[in-house]
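Chemist: The lines below spell out each chain.
Protein chains: 2
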Amino acid sequence: MAEVSLYSKEDLFRFTTQLLQKIGCPESEADQAANVLVSADLRGVDSHGVARLSGYVRLHEKGRLNARPQIKTVHETPSTAVVDGDLGLGLVVGPHAMDLAISKAKEVGSGWVSVKNSNHYGIAGYHAMKALEHNCIGISLTNASPLVSPTFSKERLLGTNPISIAIPTKDQPPFVLDMATTTAANGKLEVLQRKREDAPEGWLQDKEGNITTDAKGLINGGSMRPLGGDREHGSHKGYALGAVVDILSAVLSGANYGPWVPPFVAFIEPNPNPVGEGLGHFFGAMRIDAFREADEFKSHMDNWIERFRASETVEGEEKVLIPGDPEREMEEQRSKEGIPLLLPVVEELVQMGEKFGVTLEKSLN
Amino acid sequence: MAEVSLYSKEDLFRFTTQLLQKIGCPESEADQAANVLVSADLRGVDSHGVARLSGYVRLHEKGRLNARPQIKTVHETPSTAVVDGDLGLGLVVGPHAMDLAISKAKEVGSGWVSVKNSNHYGIAGYHAMKALEHNCIGISLTNASPLVSPTFSKERLLGTNPISIAIPTKDQPPFVLDMATTTAANGKLEVLQRKREDAPEGWLQDKEGNITTDAKGLINGGSMRPLGGDREHGSHKGYALGAVVDILSAVLSGANYGPWVPPFVAFIEPNPNPVGEGLGHFFGAMRIDAFREADEFKSHMDNWIERFRASETVEGEEKVLIPGDPEREMEEQRSKEGIPLLLPVVEELVQMGEKFGVTLEKSLN
Numbered sequence: 001m002a003e004v005s006l007y008s009k010e011d012l013f014r015f016t017t018q019l020l021q022k023i024g025c026p027e028s029e030a031d032q033a034a035n036v037l038v039s040a041d042l043r044g045v046d047s048h049g050v051a052r053l054s055g056y057v058r059l060h061e062k063g064r065l066n067a068r069p070q071i072k073t074v075h076e077t078p079s080t081a082v083v084d085g086d087l088g089l090g091l092v093v094g095p096h097a098m099d100l101a102i103s104k105a106k107e108v109g110s111g112w113v114s115v116k117n118s119n120h121y122g123i124a125g126y127h128a129m130k131a132l133e134h135n136c137i138g139i140s141l142t143n144a145s146p147l148v149s150p151t152f153s154k155e156r157l158l159g160t161n162p163i164s165i166a167i168p169t170k171d172q173p174p175f176v177l178d179m180a181t182t183t184a185a186n187g188k189l190e191v192l193q194r195k196r197e198d199a200p201e202g203w204l205q206d207k208e209g210n211i212t213t214d215a216k217g218l219i220n221g222g223s224m225r226p227l228g229g230d231r232e233h234g235s236h237k238g239y240a241l242g243a244v245v246d247i248l249s250a251v252l253s254g255a256n257y258g259p260w261v262p263p264f265v266a267f268i269e270p271n272p273n274p275v276g277e278g279l280g281h282f283f284g285a286m287r288i289d290a291f292r293e294a295d296e297f298k299s300h301m302d303n304w305i306e307r308f309r310a311s312e313t314v315e316g317e318e319k320v321l322i323p324g325d326p327e328r329e330m331e332e333q334r335s336k337e338g339i340p341l342l343l344p345v346v347e348e349l350v351q352m353g354e355k356f357g358v359t360l361e362k363s364l365n
Numbered sequence: 001m002a003e004v005s006l007y008s009k010e011d012l013f014r015f016t017t018q019l020l021q022k023i024g025c026p027e028s029e030a031d032q033a034a035n036v037l038v039s040a041d042l043r044g045v046d047s048h049g050v051a052r053l054s055g056y057v058r059l060h061e062k063g064r065l066n067a068r069p070q071i072k073t074v075h076e077t078p079s080t081a082v083v084d085g086d087l088g089l090g091l092v093v094g095p096h097a098m099d100l101a102i103s104k105a106k107e108v109g110s111g112w113v114s115v116k117n118s119n120h121y122g123i124a125g126y127h128a129m130k131a132l133e134h135n136c137i138g139i140s141l142t143n144a145s146p147l148v149s150p151t152f153s154k155e156r157l158l159g160t161n162p163i164s165i166a167i168p169t170k171d172q173p174p175f176v177l178d179m180a181t182t183t184a185a186n187g188k189l190e191v192l193q194r195k196r197e198d199a200p201e202g203w204l205q206d207k208e209g210n211i212t213t214d215a216k217g218l219i220n221g222g223s224m225r226p227l228g229g230d231r232e233h234g235s236h237k238g239y240a241l242g243a244v245v246d247i248l249s250a251v252l253s254g255a256n257y258g259p260w261v262p263p264f265v266a267f268i269e270p271n272p273n274p275v276g277e278g279l280g281h282f283f284g285a286m287r288i289d290a291f292r293e294a295d296e297f298k299s300h301m302d303n304w305i306e307r308f309r310a311s312e313t314v315e316g317e318e319k320v321l322i323p324g325d326p327e328r329e330m331e332e333q334r335s336k337e338g339i340p341l342l343l344p345v346v347e348e349l350v351q352m353g354e355k356f357g358v359t360l361e362k363s364l365n
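Protein chains in written order, with the working numbering: chain A, 1 to 365; chain B, 1 to 365.
Isolated chain A (complex conformation) (with noise of 0.2 Å):
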């Protein structure tokens, strides 16, 4: 494995929220954003940690990223609601529009909220976990720009198009699905790229769409392949689910989808034709006890999650988890032991706070 250097959440949390505020966040907001990347870190999702931060500050320098949004709601009812982030990070207008999904549900039992104007919203996982504090399911959709071919396709016309579903219970951990609609997420291409190892069958296919286990197929024109890996798998399966992703995302609040979702690296330019305004997201909210008694609920949660814990496995596996269980034990374990970042990413940290005069604090060894 590549080496890492161990850093406290709060020296990442407080690097980051003093960057941001250099390029120009307000201080509330920035710390809000990198609570969601912080966040990440923690849950061992480190695609989507520290190591982005310095893609939204390219975007911002290409003009592609408001640091100092006008959030607005351009359109509502009492169950639902259109989000415009004014190009904001989407790790501010994430957290916004959700919001505002769980004071609808407050109101009337559910709250839907479709966001266009945003831009990357980090994981999925954090915007749908937002909901259970306040006895709440949370939901949680983006699009994302393009890497994944439907199934036949060789064009990459969807983006990884994440799903989170957070779900209350009462004695156990909260139930939390997140979840790309592909085979497997990016991050853990990166890491075989990184060991230099092949992706198994069905993550990747190449330019001409064939099936690929080269890691660094995206790299080199490929794409990725929605979950299922090929028809004979149910491939037209994760096809469908990320083009609803997209679809509640995107076509409904008038964001960009499929192709025209605008790249996140700043070095691609986005299309210059686009069929709608920056990238999108999609949030909901439901009362638990618009439908039953929160308790009552919260109880049987806790049964269906006892009872698949206990199931009896295959020979050779030790458990079955529970959607979440393997972040969660992540969360414990780098809260108190710290979160490994690798050298290279270290190293543009240091060099990007430099630049903007912020140091990168190391509270551990």
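In case anyone wonders, no lab produced these hints; they're calculated from the structure.
There's no promise every hint is true.
What the hints assert, rightly or not - Footprint (simulated), chain A over chain B, 3 or more residues, beta carbon under 8 Å:
#1 251 to 263
#2 297 to 309
#3 329 to 342
Stated by the list, open to error - Chain A regions said to be covered by chain B (calculated; three or more residues, Cβ under 8 Å):
#4 108 to 117
#5 225 to 238
#6 248 to 257
#7 265 to 273
#8 307 to 316
Don't be surprised by glycine CBs; every beta carbon is placed ideally from N, CA and C.
Starting from the structure of chain A, add chain B where the hints point.
Modeler: Just chain B now, kept in the frame of chain A:
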């Protein structure tokens, strides 16, 4: 292929509604149920069409299905409700609950209805598609008899728990996702069993939890695998999606969930210690113009579909499909040419008809 006999949709509708009236269903409900079943046959989901009629009748004979249910809304808010199906046909309870979701969407922008104490509701897509004519996005989920093992488990803890999402369009046909959360639907397995062919790896595991290609694996104590097939190919995602369907359908409504879901086949007794009532569904409707002007949305949906349909294909593949294409093409064909029923299915229907004094008429040659 096994021999088939062709029936018109009117032949099958008439037989089904008459037979359901014989077991006590009111005429309007028998008509509704017949519509759902024949719709499955038309759309090519033969496993969920009139071939299942005898299964419903046997459940009724066992006292596990109520032909004259008093369907009740037991809890509600402006945008949510829980419906008690009074152990009625899911084919009747489902449309009732979906109508409630649509009427709530008309009032407050969206409607979400979780259902308990129901039975098998046919194809998920029928219910989601009801939303289309109301300019709503429709969502339909249901849990089902346990046949699926979570990743790493060798127990059957989940049903094939389908997801359907129907989205309105302008000139293009609607976008209709309708998928089991398993690698392959049970109906596809039945086809392989009849042809005495093997199943692809990733569809099934044997009773020890090892991958098997024996299409009879399910009959021999094995189980179906979640979408993804194995961990490396994302089966934990298919498992998590199936889990969410189970939770929204049953933990939220008070129905049975997971391994407690009552079996569809009458010869297997339900768990003597249920955790809820009957099985559960979940329906949603979102009014398009609760987000954005409906015509604008639909024009962009057409643009989305046209762009994806025009995508450059992998060599050897004719076109990129839009979710709903195969079922719609099948429906057009079978509406004209008739619905092919396997001879054993015809035989069973005829025998059942004789028992209840209903004739299966055949208007096609």
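Chemist: Between the stretch 251 to 263 of chain B and chain A, are there enough contacts, at least three residues with CB-CB distance under 8 Å, for the coverage claim to hold?
Modeler: That given contact holds, which follows from 7 residues of the stretch 251 to 263 of chain B lying within Cβ reach (below 8 Å) of chain A.
Chemist: So is the stretch 329 to 342 of chain B in contact with chain A by the C-beta rule, three or more residues under 8 Å, or is the coverage claim wrong?
Modeler: violated (count 0)
Chemist: Can you take a look at whether the stretch 225 to 238 of chain A is actually covered by chain B? Rule is 3+ residues, C-beta closer than 8 Å.
Modeler: That given contact holds, which follows from 9 residues of the stretch 225 to 238 of chain A lying within Cβ reach (below 8 Å) of chain B.
Chemist: How does the coverage statement for the stretch 108 to 117 of chain A fare against chain B, requiring three or more residues with Cβ below 8 Å from a Cβ of that chain?
Modeler: n = 5 at 8 Å, threshold three: holds.
Chemist: Has the stretch 297 to 309 of chain B got at least three residues whose CB is nearer than 8 Å to a CB belonging to chain A?
Modeler: holds (count 7)
Chemist: Between the stretch 265 to 273 of chain A and chain B, see if three or more residues pass the 8 Å beta-carbon test, and mark the coverage as holds or violated.
Modeler: violated (count 0)
Chemist: Do three or more residues from the stretch 248 to 257 of chain A put their C-beta atoms closer than 8 Å to C-beta atoms of chain B?
Modeler: holds (count 6)
Chemist: Under a C-beta cut-off of less than 8 Å, do 3 or more residues of the stretch 307 to 316 of chain A approach chain B closely enough to confirm the stated coverage?
Modeler: holds (count 7)
Checked against the numbered hints given earlier, the structure breaks hints 3, 7 and satisfies all the rest.
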